[in-house]
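Visitor: Fit chains B and C to the given chain A structure using the hints.
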Amino acid sequence: MRLSRVARGAGSVLATMLGLLALTFFMGRMLPNDPVIAVIGDHADQATYDMVYHQLGLDKPLTTQFLLYLGAMLRGDFGNALFTGHRVASDLARAFPATIELATIAIVIGVGLGVPLGVAAAVFRNSPIDYLARCLGLIGASAPTFWLGIMGLMVFYASLGWVAGPGRLDVSFIDSIEPHTGFLLIDALIEGDMDVFWNAVDHIILPASILAAGSMATISRLTRSFMLEQLSQEYIVTARAKGLSKWAVIRRHAFRNILVQLVTIIALAYAFLLEGAVLTETVFAWPGFGRYLTAGLLAGDMNAVLACVLIVGVIFIGLNMVADLLYTWLDPRTR
Amino acid sequence: MNRPARSFRLPAFAALALVAASGAAQAATPRDALVMAWNLDALITFDPAQIGEVNGNDIIVGNVCSTLVNYDPKDVSHMLPSAAESWSVSPDGLTLTLKLRADLKFPDGHAATAADAAWSLQRVLQLGFFGAATLTQWGFTKDHALEQIRATDDHTLVLTLDKPYPVDLLLSAIFAQNVATILDRDAGTKNAKTTEGRSDYGNAFFKTAPICVGPYHVSRWDANDVVVLERNDIYFGPKPKMRRIILRHVPESSAERLLLEKGDIDIARLLSPEDLKALEANKDIHIEQTLMQSLSYVAMNTDDPILANPKVREALRYLIDYDGLAKTVLQYQGQPRASLVPEGAFAALDHTEGEPFTLDLAKAKQLITEAGYPDGFSKKMILSANSTSPAIAQHIASNAAKIGIKIDLEQMADSNLFTRGRNRDFQLQLVGWGATYPDADSMVSRHATNPDKRTEAKLTGYPVWRTGWQNLDINAKADAARLERDPARRTAIYRDIQIFMMHNGPIAYFAQTIRPIAWRTMVKDFSVGPFTVDYGSASK
Amino acid sequence: MSGMHAWLTATETTSKRQAHLQTWYLAWLRLRANPLTLFGMAVLAGLILTAILAPWIAPAGFDDQSLTHRLLPPSAANWFGTDDLGRDIFSRLVHGARITLMIAALVAVIAAPIGLLVGTAAGYFGGWVDAVLMRINDIFLSFPGLILALGFVAALGPGIRNTIIAIALTAWPSIARLARAETLTIRHSDYIAAVRIQGASSLRIITRHIMPMCLPSVIVRITLNMAGIILTAAGLGFLGLGAQPPMPEWGAMLSAGRSHISGAWWLSTVPGIAILLTSLAFNLVGDGLRDVLDPRSGR
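Residue numbers (the numbering used here), protein chains in the order written: chain A, 1 to 335; chain B, 1001 to 1540; chain C, 2001 to 2299.
The hints are simulated quantities; they were obtained by calculation from the structure and are not laboratory data. All residues carry an ideal CB built from backbone N, CA and C; glycine is no exception. There's no promise every hint is true.
[Said to hold, decoys possible] Here are a few chain B residues that face chain A, going by a calculated C-beta distance under 8 Å:
| # | residue |
| --- | --- |
| 1 | T1208 |
| 2 | R1248 |
| 3 | H1249 |
| 4 | P1251 |
| 5 | D1264 |
| 6 | T1419 |
[To be verified] Calculated lysine-lysine pairs in the DSSO-like style (CA-CA distance at most 27 Å, straight line):
| # | chain 1 | residue 1 | chain 2 | residue 2 |
| --- | --- | --- | --- | --- |
| 7 | A | K60 | B | K1207 |
| 8 | B | K1327 | B | K1402 |
| 9 | A | K60 | B | K1142 |
| 10 | B | K1207 | B | K1105 |
| 11 | B | K1365 | B | K1327 |
| 12 | B | K1311 | B | K1380 |
| 13 | B | K1193 | A | K60 |
| 14 | B | K1458 | B | K1241 |
| 15 | B | K1524 | B | K1540 |
| 16 | B | K1524 | B | K1074 |
| 17 | B | K1074 | A | K60 |
Next up, chain A with everything else stripped away, as it sits in the complex:
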């Protein structure tokens, strides 16, 4: 029985992924952005256009193109990215870790600040702490990212010199690290090169903080909301009546009960950062995933876009399934 359930789960994931890819593919082909132009430019004559059109297989029927793509993908071949001239796989091998690194640090900052802020806001509801926490979070979420980014650079990089400028590393370090994992911080530690490690930290900390502002807002806000719900439950009143201290109740009962919901929210916020980092990546010249996806989309480069969508899709669906499992297994009410 367990086995059939797993099989059904896998089947539904496959169906979702297939639907996702098909939707992306056909929608992408409907976009007016012409991948051939991205390759040959505006000056080229019709003969060049027709040749490249044929080379890219665009003269085949749409379904054939899609099936060919699926076949290649199953063999692990994501094809060439037209707008970068590289293999999609090698582009993503660099862009994806760059963004994961950024998003991970951002989510750590976002959770580190957002959860305590949300809990405090709920516990001291309608007090100045609550108002401050809410406004801080909201302002963080509503300020335009690129504006925050440029202001951050002006203050912390140009004026104060506390952090390093745009890019992942100073140019002097460009060739000093072998890309083992693509995660610069980890690669630097593997090689034991602390100069590079600290330089990478200097470069990542500002964009990560700015990226964190948005997720911190979501997290603190929902933490507050979840906590309020728990604090109004009868068992809290009972626990208090039994003589447990206020903080003990909050820690042992209320907070523990919101953990499931919280993990779900954090996971989704994290997944969102992967594609939501475009503007931050642009301001900070960060060669990441969000920019790669957007640029590919604007060039109508479906090879690149499909591979990106596949990755985002797998992550989203994976996280959703985990969240579902957590809901069913840990929350007694859904049984």
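Guide: Using the frame of chain A, we list chains B and C on its own:
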């Protein structure tokens, strides 16, 4: 590998979050490397036969791949030897012989010969990419490539022409271009891929790692991140002073400006007028403005019955505040120009004659009244969502509204904008075009000559075809000018064409592009031309 | 007035109508008690008023250009300065309030019911209905928002109306997911069972008993999404598919001011602050509403 000493760091708390602080972080670029920041978005290939955009051209031509001849930086209509040390033409004007230097070597040290050069030119025709047009418009064809382009010995390249073109024109239009560079034939043949029975002549291989005769070679290219060039010590010309050239992809002007001010880069290539204005006051920064041979314009589709009327088109030219735009929206980026031949090209009208229009609403109103539309009309303009286009389009639309012409704007991504143009699917299109060689012929042959105006002719590479406009007299004049070997007579023909097109043509040019580049004053001799930028001459 | 107050707060109600009105009145009283909510409502009210009265408030038209007066810093004549074509930013901002509010409101009105319906149906029925609806939902949810919106706009054609539809289509899945999770937690509650035993139809149970329970969290989610909706509209505008120039859409103004950020900060900062204030107000009001509407939250 020299790297700056990293000092003691201490963590500090910033307003938002934990920020690691590096002590006195006075960063500096490595002494033997030139560090440039630019928007490298357009970069898709380093294969000279395929390059069709500004990034690749800048990096490869003259820096990674030396051309056979060079423009004289002081006077681009005068040609200088480069990989070819001399040239001669047969008395009938149908055979061009280029003598290559004896000391040409590829980065790994083995000799480059005329056979490599001939192969490199032939593959341009075989591949049929963007560069092919550079050759086909002078009578070279894919089918006859082997007879038309021959290496008669290790140092002699012989070209057979179909017509006796003026030699300087040919040198400028072909042999100073990206297609006339010397790639390693052995590497290309060995790494060639064959699909559907067609060889790619090493295109997939050279795309990321071209093996060329030139001052530098590409040692690293991470897409949308960084390009690193390394010096070739066996280069035939003067030894480049910088060991490495590092180009970083920084797509935001403000970020580039901060990097430049802090000294984390030496040269900034993408700066907005606001940032340039701010840098103007900085003593450590030099701003170089180069007049490019590119024009911005509004194309008017004459398939549209109203725009088919020359008076309406002329009226539109009076709706643009040429000086106003150049001083404001286009500051550091453009100067007024209404002629289709950019200033600096051979046979271009001079500055005043090339821009006779001013913003004149009364005149425009009078013209549309004469054309039979006293109450105006409505048209749609398509434009790029990037850079200055939206501001310029809104400026034109606002002036048009004052005389009753309603222009609705529709922004789009560049690839979409170009496709709409090539499909003749527009009424008004705001766009730009760059000449590829400094001769009136470069623009006239695409912007005035229309061999076949029918839609099904699909001359999509001709902006004038896209507007559906044709004038047989202009076609004939342009053909005659191309073969005219007397410079004075050529100039006279092009003068006629330019003046006629300015008033009757389907395209309203309004600005010639200026390229601003800012660098730290410690950088010396960074030589910027309208077509190529010489990285090798720079020192610091 | 006091008679009215007494009638609306009386412990014994005499009619169904009085009971209903009482619920609303009491909710309003509690809403009013929270200063932050009040602030948010004041901002939104001001915004709506501005939008309605835009032509009378704005000192100039939204496309009155003058190249000689460009990039002027804020002054008595131009409160928020002028942009790169010399237009008065205050006037553009005031006219832009209409567009921004329209986008936000319409997206919410379209996306919330769809999300609510899909989510509650999936949660209530379970089984294959749930499986199919949630797989579709997953596809939409795991789709990068921008490409989805881009695709729809490309199919429908550019312009403000299609932008709204496209954004709504990207906004409903997260609402559906939320509504489903809420439904799962309450579908086995005693009161639902009681209603079912009384013979209520599924439709009635969903619309009358489950949806009201989900509404509060949906409202919270929608208000939380408001800033995102406005910024997505701006993003589409930036790619040329949203509001077309010279429409003074705030997000587009912000994008256009980007290249002037170092020299003329007001170009992007002013619309940026306007967007920030609006989304802040939406959020505060949403929070307030949640506290009032959620039957489970503490009194």
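Visitor: Are the hints correct? Go through all of them and say.
Guide: Status of each hint after checking the structure:
The criterion of a C-beta within 8 Å of any C-beta in chain A is met by B/T1208, whose closest approach is roughly 7 Å, and the hint holds. A hinted interface residue such as B/R1248 counts as satisfied when its beta carbon comes closer than 8 Å to some beta carbon of chain A; here the least separation is about 6 Å, so the hint holds. Nearest Cβ of chain A to the Cβ of B/H1249: about 6 Å, under the 8 Å cut. The hint holds. This hint holds: B/P1251 has a C-beta 6 Å from the nearest C-beta of chain A, less than the 8 Å allowed.
Below 8 Å, beta-carbon pairs count as interface contacts, and B/D1264 has one with chain A at about 5 Å; its hint therefore holds. Satisfaction of the interface hint for B/T1419 is found here, the shortest Cβ-Cβ separation to chain A being roughly 4 Å, below the 8 Å cut-off. At roughly 26 Å between alpha-carbon atoms, A/K60 and B/K1207 fall within 27 Å of each other, so this suggested pair holds. Restraint check for B/K1327 and B/K1402: the C-alpha separation of about 22 Å stays at or below 27 Å, so the hint holds.
About 26 Å separates the Cα atoms of A/K60 and B/K1142, which keeps this hinted pair within 27 Å; it holds. Note on B/K1207 and B/K1105: the hinted pairing holds, with a Cα-Cα distance of about 20 Å set against a maximum of 27 Å. Annotation: proposed proximity of B/K1365 to B/K1327 holds, straight-line Cα distance about 25 Å (limit 27 Å). Between B/K1311 and B/K1380 the alpha-carbon distance is near 18 Å, which keeps this suggested pair within the 27 Å criterion.
Restraint check for B/K1193 and A/K60: the C-alpha separation of about 22 Å stays at or below 27 Å, so the hint holds. Between B/K1458 and B/K1241, the direct Cα distance comes to roughly 48 Å. Violation of the 27 Å bound is thereby established for this hinted pair. Distance hint between B/K1524 and B/K1540 is fulfilled; the C-alpha atoms sit about 6 Å from each other, no more than 27 Å. Distance hint between B/K1524 and B/K1074 is fulfilled; the C-alpha atoms sit about 17 Å from each other, no more than 27 Å.
At roughly 51 Å between alpha-carbon atoms, B/K1074 and A/K60 are farther apart than 27 Å, so this suggested pair is violated.
Of the numbered hints given earlier, the model fails hints 14, 17; all others are met.
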